[in-house]
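Student: Take the given structure of chain U and dock chain F to it, following the hints.
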Amino acid sequence: MKLYEYVIRRLVLMVFVLLAVSVIVFVITRGVPSPTYALAPYITPRMTDPQKLQTAVGLGIAEPSCPSWVDFTQSAPGCITPLYVQYFSWLKQVLSGNWGNSVIPSIGVGQSTWGLFVARFPYTAELAVAAALITVLFALPMGIVSATHNNKVPDHFSRIVALVGYSMPVFWLAFILQIIFVIYLTLTIHGNTFGLLPSSQTVGTDCALCIPNPGNINTYTGAPILDAILSLNPAYFWDALLALILPAITLAFSTLGALTRIVRSSMMEALRQDYILLARSKGLRERTVIYRHALKNALLPAITITGLILATLLGGAVVVEEVFSWPGVGQAALDASLFLDINFLELYTLVTALIIVVANLGVDVLYAFIDPRIRY
Amino acid sequence: MTQRVEEVPFEPRSVYRRRSGRISEIKYSLYLARKNPLVLSGSVLAIGSILIAALSGIIVDPRSWAFQYPPRYYCWNNPWINWHLQNIKPCPPGTPFYPLGADAFGRNLLNMIILGLPIDLQISFSIVISAFAIGVALGAVAAYAGGLIDEAVLRITDVFFAFPGLVLALVLVAVFGRNLTILTLAVLVVWWPLYVRLTRSQILAEKEKPYAEALKAMGAGRLRILFLHIIPNSIYPVIVQATLDIGGVILTFSSLMFLGFAPSPLTPELGKLVSDGISFVSQAPWLVIFPGLAIVLVALGFNLLGDGIRDILDPRLRR
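Residue numbers (numbering that gives the first Met the number 0), protein chains in the order written: chain U, 0 to 375; chain F, 0 to 318.
With the rest of the complex left out, here is chain F:
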């Protein structure tokens, strides 16, 4: 008996478990993600859209966005069509070489959608990452410092919460003109306060826990406790919110482009593509349906992913 007890510490498996608890935790999370069909489809959609956006310049010739055939919004290389002027119609989906049809300028709609994707994702990621950084920094400082700083940060977020969605964007774009930096800022300005509030409430709950007190008793510095212990422990809901918001920002940004705030008529963007298709909606409804469907799929991917991450990372819902 005594021999066996001595053997235990040398068992390689227990050493592995103790040293790499975090790795096995990640592995377990990934296993749960694989098992859930919704999360799986969400991550396929999200990662797929990121890949397509990153490779869009290779898949499709980027010049084809600006390349227009003004009078020929029909299938110009479709042998099935009778080349008579009365038969000229927009090219419907499903014709050879045009899986989603052609748009009003004779461009391949599928190629246009692939070309329009990167700008949406790029801007959405930059807005969410900036909002996340501002929110975590301000929220953590406000919650941990408390007192006057906390009150000041809260009142500032109050002011920005009073601006509803697109309203401030309308003002900013009207005054500073239409360019992508202003549009990005216009969305960011109304988006960051949410992260401040969320991070603040998380950290307020976390900093009262016994381990924070224990760390303080051990003599750890305030900043060390905040950045190495409290923030990593309370950041998961904020990450979930960020994942969900990537879809939301895409919707807001494409609405702005749809409303006519695109910097130029040739800006490759999905909301712009929908608004280009409007004038043909009764003859060629696919020009509105498919670009919008692409937005829905991308946003749905990130929303499913965020929803799933919440369920997986929350230990109460986990098992």
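If we strip away everything but chain U, and leave its shape as in the complex, we get:
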């Protein structure tokens, strides 16, 4: 099989996976609760009852023969269309971009669900990318060193970091970091006591290291750090960076261990190979042997897991966003689940599933490009 045939096969499979995900989520969210919940994102309080019924018919949730809105809300027989019909009309709505309006109080009542998602997604993406960068920056050196110093102090250290990372609840680590950097490490400036880092804002100005009035930025991408760079505002950039540190470290810590262990084991595998023996016997320096010969071959599994890590970070940031009041999609999804905003939950689930599936595909294709031995 050629590479492009493989990619096409995977793309077809991907569409089916996404359809199956959408069916599962749809059946869970529409089949069980009252149909008025499914309708809530599309109706406004000012609508009269016939208008509401009209909307329900238009969305394919109510049968045209339904006599009145009251009958619909009481699920009178013959008023609610069968679930599979609802699914197809929902799919048509959603594919044309109509996700209705948000019903989450305090976040965006009246704002369109899609708009809310698009406005919040850059924050989550920024957090996830920062966490992935931290993971890679720390895990690669730690993995390499613990492979070259097998069963010595650096190896034990990285093993302990990995195990503690696996065993630490994210919400707890978040609070421990907040207790250390916000409550205990304080500086007093002009008689006011500030914590070292901001606790819970995307751009906090209540901390000792922050620059008090960073000015304004223009919205280009929606992610504060990128926008600050694009607006050439170094003060805002600094504040946004400080606010990003604690959430990103918290998020990175849980995945750090996994990547370290994988780099370590694949590095040890590579160092056992014959070409390493050859390189050493040629008289190459140890540094060259490790970084030019072993590392290049050991990086493949690490690349796979990095792609997957980015995907899980994007989807799994709910807890971190909630603790640090980070205005990303995860926090909005939590609120949506508390207030049963079905459309936002469906959108969130589908987009995260899409990201994970695309990341999997991308990693597999990248694999084939990097490693000439792999043929599909």
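Keep in mind the hints are simulated off the structure, nothing from the lab. Note that this is a predicted model, so its numbers are computed, not measured. You may find that some hints are simply not true.
Dumping the calculated SDA-like pairs for lysine to any residue here, alpha-carbon to alpha-carbon at most 25 Å [to be verified]:
1) U:Lys151 <-> F:Pro36
2) U:Lys91 <-> F:Val174
3) U:Lys1 <-> F:Asp149
4) F:Lys34 <-> U:Arg158
5) F:Lys208 <-> U:Glu268
6) U:Lys151 <-> F:Ala32
7) U:Lys91 <-> F:Pro209
8) U:Lys151 <-> F:Lys26
9) F:Lys26 <-> F:Leu44
10) U:Lys151 <-> F:Val38
11) U:Lys151 <-> F:Val174
12) F:Lys34 <-> U:Ile159
13) F:Lys34 <-> U:Val152
14) F:Lys34 <-> U:His155
15) F:Lys34 <-> U:Ser264
16) U:Lys1 <-> F:Asp157
17) U:Lys51 <-> F:Val174
Tutor: Below, chain F without anything else, positioned relative to chain U:
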């Protein structure tokens, strides 16, 4: 010389070795486990937490979780404190009768942690055991039957792999309401595919080995080969994964409880205890630190144990 050769079969030791190879194998594994400090501490933590959880109702009065002293979040029987309203503070760790301090409702934090442990362990064990059973059954059938069944099982796991961690749990809990069965199912739904994949890959490698072919040539039935020979030989990595996952499931489940999906405000659970302590974090940080530390210790125990079991059961790393 000839006499000696005849004596050999009657030597009791060789008979013992041949008959009880498996027992001596287990004994050797236990010996290796005792020798490794990490595994030893892991098993002490894991078994200790299971014991404390099992006996929590005897050690601590279970009613004390719901027993609250609303206005009195201070050391009410601490003689060292000056009973003046301005001095009312949360009771810090290390005071008499309150080794870990008192929580916001005047309850003994150590007792609360002991009471919160069983539900975490119970749910974690039930999720991991169900995921293990589903995974081994489906994975074994898929790998051994191959063909269309294999493809179908793989595609189903693909779909569930596309749901990241807590996302499906958020949807399920939002729709079906907050009760422990739904929360358990919500975690289980994203956890079982891993076991299917793991078991499948193990059995695919195992069924090509010569002994499986030899058994087939001897006329053993397919199911007999699968259940009596191939599964027992390939199940160790799955067991290791299950041990590691007990800690992971505790983390996921307590995150759900932390996020506010506890069935009732009085559910005794460690993540819930952390979230109860948040509002006092600046005056009484121990209310957040100690319950979380308890989660870390339990999860670390099972992770150390799983890590050690992997090293001990893997013959390549063994010696």
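Student: Hint by hint, note whether the structure agrees.
Tutor: We went through each hint and held it up to the structure:
no., hint, in the structure
1, U:Lys151 <-> F:Pro36, "holds, 15 Å"
2, U:Lys91 <-> F:Val174, "holds, 23 Å"
3, U:Lys1 <-> F:Asp149, "holds, 24 Å"
4, F:Lys34 <-> U:Arg158, "holds, 18 Å"
5, F:Lys208 <-> U:Glu268, "holds, 24 Å"
6, U:Lys151 <-> F:Ala32, "holds, 20 Å"
7, U:Lys91 <-> F:Pro209, "violated, 55 Å"
8, U:Lys151 <-> F:Lys26, "violated, 29 Å"
9, F:Lys26 <-> F:Leu44, "holds, 21 Å"
10, U:Lys151 <-> F:Val38, "holds, 18 Å"
11, U:Lys151 <-> F:Val174, "violated, 51 Å"
12, F:Lys34 <-> U:Ile159, "holds, 18 Å"
13, F:Lys34 <-> U:Val152, "holds, 19 Å"
14, F:Lys34 <-> U:His155, "holds, 17 Å"
15, F:Lys34 <-> U:Ser264, "holds, 23 Å"
16, U:Lys1 <-> F:Asp157, "holds, 23 Å"
17, U:Lys51 <-> F:Val174, "holds, 23 Å"
Of the hints listed earlier, those the structure fails to meet are numbers 7, 8, 11, in rising order.
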